[in-house]
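Student: Note that the protein sequences, when read in sequence, are chains A and B.
The letter at position 12 of the first sequence is residue 12 when you use the numbering used here, and the numbering goes up by one with no holes.
The letter at position 268 of the second sequence is residue 268 when you use the numbering used here, and the numbering goes up by one with no holes.
Think of the hints as simulated: they come from the structure by calculation, not from any bench.
Possibly wrong hints are sitting among the right ones.
Just so you know, same-sequence chains aren't split out, so a pair can sit in one copy or run between any two.
[To be verified] Calculated pairs, BS3-like style, for lysine-lysine (alpha carbon to alpha carbon, straight line, at most 27 Å):
1) K161 <-> K200
2) K238 <-> K209
3) K161 <-> K214
4) K142 <-> K4
5) K38 <-> K64
6) K4 <-> K64
7) K142 <-> K18
8) K278 <-> K73
9) K238 <-> K210
10) K73 <-> K18
11) K18 <-> K64
12) K31 <-> K64
13) K186 <-> K31
14) K161 <-> K281
2 protein chains.
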Amino acid sequence: MSLKEISRNKAFGGQVIKYEHHSNELDCDIKFNVYLPKEADSAPVPAIYFLSGLTCNEDNFIQKSGALVEAAKHGIALIAPDTSPRGVSIQGDSDSWDFGTGAGFYVDATEPSWAKHYRMYSYVVHELPALINKSLPIDGSKVSIMGHSMGGHGALTIFLKNSANYQSVSAFSPIANPINCQWGQKAFTGYLGKNQETWKEYDTVELLKKFNGKVNALVDVGTSDNFLENQLNIDTLKDTVGSLGKSSEWTIRYQPGYDHSYFFISTFIADHIIHHAKALKQ
Amino acid sequence: MSLKEISRNKAFGGQVIKYEHHSNELDCDIKFNVYLPKEADSAPVPAIYFLSGLTCNEDNFIQKSGALVEAAKHGIALIAPDTSPRGVSIQGDSDSWDFGTGAGFYVDATEPSWAKHYRMYSYVVHELPALINKSLPIDGSKVSIMGHSMGGHGALTIFLKNSANYQSVSAFSPIANPINCQWGQKAFTGYLGKNQETWKEYDTVELLKKFNGKVNALVDVGTSDNFLENQLNIDTLKDTVGSLGKSSEWTIRYQPGYDHSYFFISTFIADHIIHHAKALKQ
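So here's chain A without its partners, still in its complex pose (with noise of 0.2 Å):
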């Protein structure tokens, strides 16, 4: 497991690099981009891991989010993971634009097709940490995380998952419950299977029901967003955290007006960066 630089830009004093390497868990060659700002010339530092949504690469939150000039501003290291696994060939993975190639949903996939390749969950979990602690100037004692639609279901489940190894966790339109959206449901069918009770450890609002740690989520998520009245369910994670009596630990904002592209996510990330500067510089 050794990384492979692709690319390197200058940017806000520090550096936007693209690495490619080996997964031993996606069985297959993949790429994410760092941002590591100038600090880390001399001392590791904290780092945000952010993950994408549907049809995304590595590329698009870095180039489209706006979030290197606030990560600049504190210091921190931005980590963007691809979505899925990257040239296999798996029968059916580029027939639809939701499932499949830039469609992981962050889980290991049990179904016989699909299990080999498909482990976004512990690549994004164990792997890709292990390698970037490895070799490159993070601080992986202080990472936060955070995501958009998928990938904002994939932050909320895996901070919910791992919470000893997050200090905070914020979404941008996250599918909320994807047990009970259209997407999560051809999703979790491909990947893991019909007994639904397996989908509920990929489910944030399944996962918050037994979870005993402390929460500090930020999420936001636009009114005029096309997917939020079928597929976030952001009504249904407001509910369950405020009938858990959660609500103090959960910062939940209906954004009006706002959609859910990177123009959104771009107007609000600059909140996101700093939420997650104050708790990982406590």
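Assemble the complex: chain A is given as a structure, and chain B must be docked to it using the hints.
Tutor: Below, chain B alone, put in the same frame as chain A:
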């Protein structure tokens, strides 16, 4: 001439709107993006045109520059045109990335094959502002212009030829002396023919020698820009400015370690917006 709205996304309290319209100058349908800050809801606002570089279209700047946050702070609109006619079929227009489609070079072509459609100079200087000032809440008396690479060349030459129309100018990595670099020589030979006297009308260094007005220009270029040595001729621009005794009117900055990419632009875009905001609000 009317505007067809293609998409609209809320961002930083304002709106990014993509329009399509028929251009008489270009004799084709063409798109542009505009960012209208929330102040445009109640009164016309100042605007900055951004001219993009080779291979770009109306999206790159709006999606990748990070300019919107700073434009929103100052209540300034951003206008991002395309870089060439689209959907026209001219022999040779797709043979190379630095000529033809995506590479209009902000000239009015005179060579017979190109003269009908490749009139990006008149489109950007006359047709598009007339359409925008008539149709959108833009104060046409408070307009500035900037650009990147080929678009930096466009911004500087258009400013020098029409300085009464613009309050200020700036450029990232401009092709500052195109008659003396391969990109410019290829484009000008193709669009303007072999008489090099006609080329000088689209060359910043040459225009500067006969310019009598006052300039307030900001130019940034990265010292690790792959095109700095052979294509941009920033040293020639700087020397010309100096020999004309105009150094006080030009801020030309060599940014150590930065390259030609949008990561470079995003790092310094706030400085450019502030440069224009000062001029636009006088």
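Student: It remains to establish, for every hint, whether it holds in the given structure.
Tutor: Hints, verified against the model:
1. K161 <-> K200: For K161 and K200, the Cα distance is within 27 Å only inside one copy (12 Å; across copies 65 Å).
2. K238 <-> K209: within (12 Å within a copy, 65 Å between copies)
3. K161 <-> K214: within (12 Å within a copy, 63 Å between copies)
4. K142 <-> K4: within (25 Å within a copy, 49 Å between copies)
5. K38 <-> K64: both (21 Å within a copy, 21 Å between copies)
6. K4 <-> K64: Intra 24 Å, inter 25 Å, cutoff 27 Å: intra and inter.
7. K142 <-> K18: within (22 Å within a copy, 41 Å between copies)
8. K278 <-> K73: Both: 13 Å inside a copy, 24 Å across copies.
9. K238 <-> K210: within (16 Å within a copy, 66 Å between copies)
10. K73 <-> K18: within (21 Å within a copy, 32 Å between copies)
11. K18 <-> K64: Classified as both; 15 Å inside a copy, 17 Å across copies.
12. K31 <-> K64: both (18 Å within a copy, 20 Å between copies)
13. K186 <-> K31: within (26 Å within a copy, 36 Å between copies)
14. K161 <-> K281: within (23 Å within a copy, 53 Å between copies)
Checked against the numbered hints above, the structure breaks none of them.
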